[in-house]
Amino acid sequence: MKEVQNMALGMLMVLFVVMSVLGAIGILIMFLAKKSRFQSGAVYVMAAFGLLTAYLGANSLPSNYLSAQLFRWAIGAVGIAGALLYWKSSEESWKLAGRLLVAGSVVLGIAKLFLL
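If you read the sequence shown in our numbering, its first letter stands for residue 1, the second for the next number, and so on.
Heads up, some of the hints might be wrong.
Stated by the list, open to error - Subject to a maximum C-alpha distance of 27 Å in a straight line, what follows is the list of computed DSS-like cross-link-like pairs (lysine-lysine): (1) Lys-95 x Lys-112; (2) Lys-35 x Lys-88; (3) Lys-34 x Lys-95; (4) Lys-35 x Lys-112; (5) Lys-34 x Lys-112.
Quick caveat, the hints were computed from the structure, so don't treat them as lab data.
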């Protein structure tokens, strides 16, 4: 029985590392890409990734933890709002605000899923 528990914890560690690396690479591309096409693609992919972390976080909780589930979904909604802000705005300052919202959604989603 102990071997199964160690294997499950090892798989969770691998999932955490993979999601953290993908999140970090995506956020770096989102902020450091010079071409607008790469930058906008990274924003939309990272918004979807933030929504995925919200889904995983909300579904990993028991059904009677409704407030915690709603908080996880709110984190995902912040990422979608950031992507919409990025898509609709024409000024660079609003696009930066959208990218920051998406990055915050990804970071908080991973933190709430694995750490907090």
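*Is the straight-line distance between the alpha-carbon of Lys-35 and that of Lys-88 27 Å or less?*
Holds - the C-alpha atoms of Lys-88 and Lys-35 are around 18 Å apart, at most 27 Å.
*Quickly compare the C-alpha distance for Lys-34 and Lys-95 to 27 Å and report which way the hint goes.*
Roughly 14 Å separates the two Cα atoms, so the pair holds.
*Between Lys-95 and Lys-112, does the CA-CA distance stay at or below 27 Å?*
Judged against 27 Å, a Cα distance of about 26 Å means the pair holds.
*Are the Cα atoms of Lys-34 and Lys-112 separated by 27 Å or less?*
violated (31 Å)
*With a cut-off of 27 Å on the C-alpha distance, tell me whether Lys-35 and Lys-112 pass.*
violated (32 Å)
Hint compliance for this structure: hints 4, 5 are not met, and every other hint is.
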